[in-house]
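Visitor: Chain residues, written in single-letter form:
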Amino acid sequence: MKGFFSIFLVLVSIIIIFDLLVVLSEQNNSFSEIKTELIAIENASKDRSILEKNVDKIVSKSLEEIVFSDTSIQEGLNLINSRLSNYLKEKAFIRNIFSDSKQQITKNKLNDLSVLSIFRTKNLSFAQYTFTSDITKTTIVSKKLGKNILLEFTIPINYVQETTG
Amino acid sequence: MNSIEAIIALISLLAFLGTLISGISFFNYELNEQENNFTAINTANSCTLIIDSMFSNSAKEFLKEFECYGEGRKVVGVEKEKRKEREIITEIKKEKFLEVKLNEHYLQ
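Respectively, the protein sequence lines represent chains Y and S.
So the first sequence is numbered by this note's numbering: it starts at 1 and just counts up by one.
So the second sequence is numbered by this note's numbering: it starts at 166 and just counts up by one.
For the record, the hints were derived by calculation from the structure and aren't laboratory data.
What you are looking at is a predicted structure, and each value in this text was computed from that prediction instead of being measured.
Be careful, since some hints might not be right.
Within a straight-line C-alpha distance of at most 27 Å, the following computed DSSO-like cross-link-like pairs (lysine-lysine) qualify [said to hold, decoys possible]:
1. Lys-258/S x Lys-229/S
2. Lys-53/Y x Lys-225/S
3. Lys-53/Y x Lys-102/Y
4. Lys-225/S x Lys-89/Y
5. Lys-239/S x Lys-35/Y
6. Lys-102/Y x Lys-229/S
7. Lys-258/S x Lys-143/Y
8. Lys-225/S x Lys-137/Y
9. Lys-46/Y x Lys-266/S
10. Lys-259/S x Lys-143/Y
11. Lys-57/Y x Lys-225/S
12. Lys-137/Y x Lys-259/S
13. Lys-266/S x Lys-137/Y
14. Lys-229/S x Lys-147/Y
15. Lys-225/S x Lys-259/S
16. Lys-147/Y x Lys-266/S
17. Lys-35/Y x Lys-258/S
18. Lys-258/S x Lys-245/S
Sample of chain Y residues with no beta-carbon within 10 Å of chain S, all distances over it, derived [to be verified]:
19. Ser-25
20. Ser-69
21. Lys-89
Just so you know, even glycine gets a beta-carbon here, dropped at the ideal spot from N, CA and C.
All chains should be built: construct the whole structure from the sequences, respecting the hints.
Guide: Next comes the structure, spelled out in structure tokens:
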């Protein structure tokens with residue numbers, strides 16, 4: 001019997017400490033998972049921003065070229081959309097927002113979904129590129145980014161860029 | 166006389182053991198309460214982090230199971246009978262496959 005209470009108390013203390021360690025380790029794992037999710041969402045957000053900025057840049061640079069040359073509307077539209085399709089073909093899709101069906105991005109499909117307007121006077125040129133979508137306004141360019149938390153890159157319907165030269 | 170002393174000694178021992186066991190079980194109960202409290206707080210904090218991050222990054226959906234309840238601009242982490250609330254910077258639109266109200270993004 002000698003030392004029985006001491007051993008009993010030590011065992012109880014060990015069980016309590018073990019229990020606390022289990023709880024702490026569960027919480028630690030859960031925070032690690034959250035941290036991974038948050039890093040993933042920030043990465044996806046960065047990817048989306050890069051796509052958006054590059055699309056903006058491709059369209060605005062192309063419009064500048066169009067404004068300062070004698071390019072026709074169809075040639076201008078081909079120029080912008082071929083550059084956009086080259087950039088986006090492996091990064092995004094043409095997607096129907098109702099059926100969720102996806103198609104690969106091509107210059108011709110983008111031509112069907114967008115409009116270029118050019119006005120030229122003696123001293124001024126103006127060009128405007130609009131992503132109009134189709135007649136039912138249900139087709140967009142998009143790409144879902146992220147794993148568990150989803151972000152979506154889209155060229156929204158009525159997206160407009162214009163340049164004056 | 167000896168037997169009375171032995172009985173008293175036994176009663177004292179039993180009383181001591183009883184006190185010790187009830188003390189340990191009370192301590193254990195309190196410990197479990199605090200563990201539940203701690204887990205509820207952590208769950209609520211995790212949910213708040215996810216929702217605030219979704220809002221600030223304009224994310225559409227969270228595809229994993231959402232561990233909290235949404236009540237307007239609050240999330241509630243629940244562990245057994247413990248509930249902990251945290252405020253979020255947006256509102257929850259849908260709890261299954263969590264969706265939150267977002268700011269409009271990219272000219273849309």
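Visitor: For each hint, tell me whether it holds in the structure or not.
Guide: Status of each hint after checking the structure:
Note on Lys-258/S and Lys-229/S: the hinted pairing holds, with a Cα-Cα distance of about 16 Å set against a maximum of 27 Å. A threshold of 27 Å between alpha carbons decides the hint, and for Lys-53/Y with Lys-225/S the separation of about 20 Å falls inside it, so the pair holds. A C-alpha spacing of about 23 Å is found between Lys-53/Y and Lys-102/Y, which places the hinted pair at or below 27 Å, so the restraint holds. Distance check on the hinted pair: Lys-225/S and Lys-89/Y sit about 23 Å apart at the alpha-carbon level, within 27 Å; holds.
At most 27 Å may separate the alpha-carbon atoms for a hinted pair to count; Lys-239/S and Lys-35/Y meet this at roughly 21 Å. The straight-line distance between the Cα atoms of Lys-102/Y and Lys-229/S is roughly 24 Å, inside the 27 Å bound, and the hint therefore holds. At roughly 22 Å between alpha-carbon atoms, Lys-258/S and Lys-143/Y fall within 27 Å of each other, so this suggested pair holds. In summary, the hint linking Lys-225/S to Lys-137/Y is supported, as the alpha carbons are separated by about 20 Å, within the 27 Å threshold.
This hinted pair checks out: Lys-46/Y and Lys-266/S have alpha carbons roughly 20 Å apart, not beyond 27 Å. With a C-alpha separation of about 22 Å, the suggested pair Lys-259/S and Lys-143/Y falls inside the 27 Å cut-off, and the hint holds. With a CA separation close to 25 Å, the supplied pair Lys-57/Y and Lys-225/S stays within the 27 Å bound. Under the criterion of a C-alpha separation no larger than 27 Å, the hint pairing Lys-137/Y with Lys-259/S is consistent with the structure, at around 25 Å.
Our distance criterion of 27 Å between C-alpha atoms is met by Lys-266/S and Lys-137/Y, whose separation comes to about 23 Å. For the given pair, Lys-229/S sits about 10 Å from Lys-147/Y by alpha-carbon distance, which is consistent with the 27 Å threshold. Of the pairs offered as hints, the one joining Lys-225/S and Lys-259/S holds, with about 11 Å between alpha carbons and a cut-off of 27 Å not exceeded. For the proposed pair Lys-147/Y and Lys-266/S, the alpha carbon gap of about 20 Å is at most 27 Å, so the pair holds.
The suggested pairing of Lys-35/Y with Lys-258/S holds, with an alpha-carbon distance near 24 Å, which does not exceed 27 Å. The straight-line distance between the Cα atoms of Lys-258/S and Lys-245/S is roughly 25 Å, inside the 27 Å bound, and the hint therefore holds. Its beta-carbon lying about 12 Å from the closest one in chain S, Ser-25/Y satisfies the requirement of being farther than 10 Å from that chain. Residue placement check: Ser-69/Y keeps its beta carbon more than 10 Å from all beta carbons of chain S (closest about 27 Å).
Its beta-carbon lying about 20 Å from the closest one in chain S, Lys-89/Y satisfies the requirement of being farther than 10 Å from that chain.
Comparing the model with each numbered hint stated earlier shows that all of them hold.
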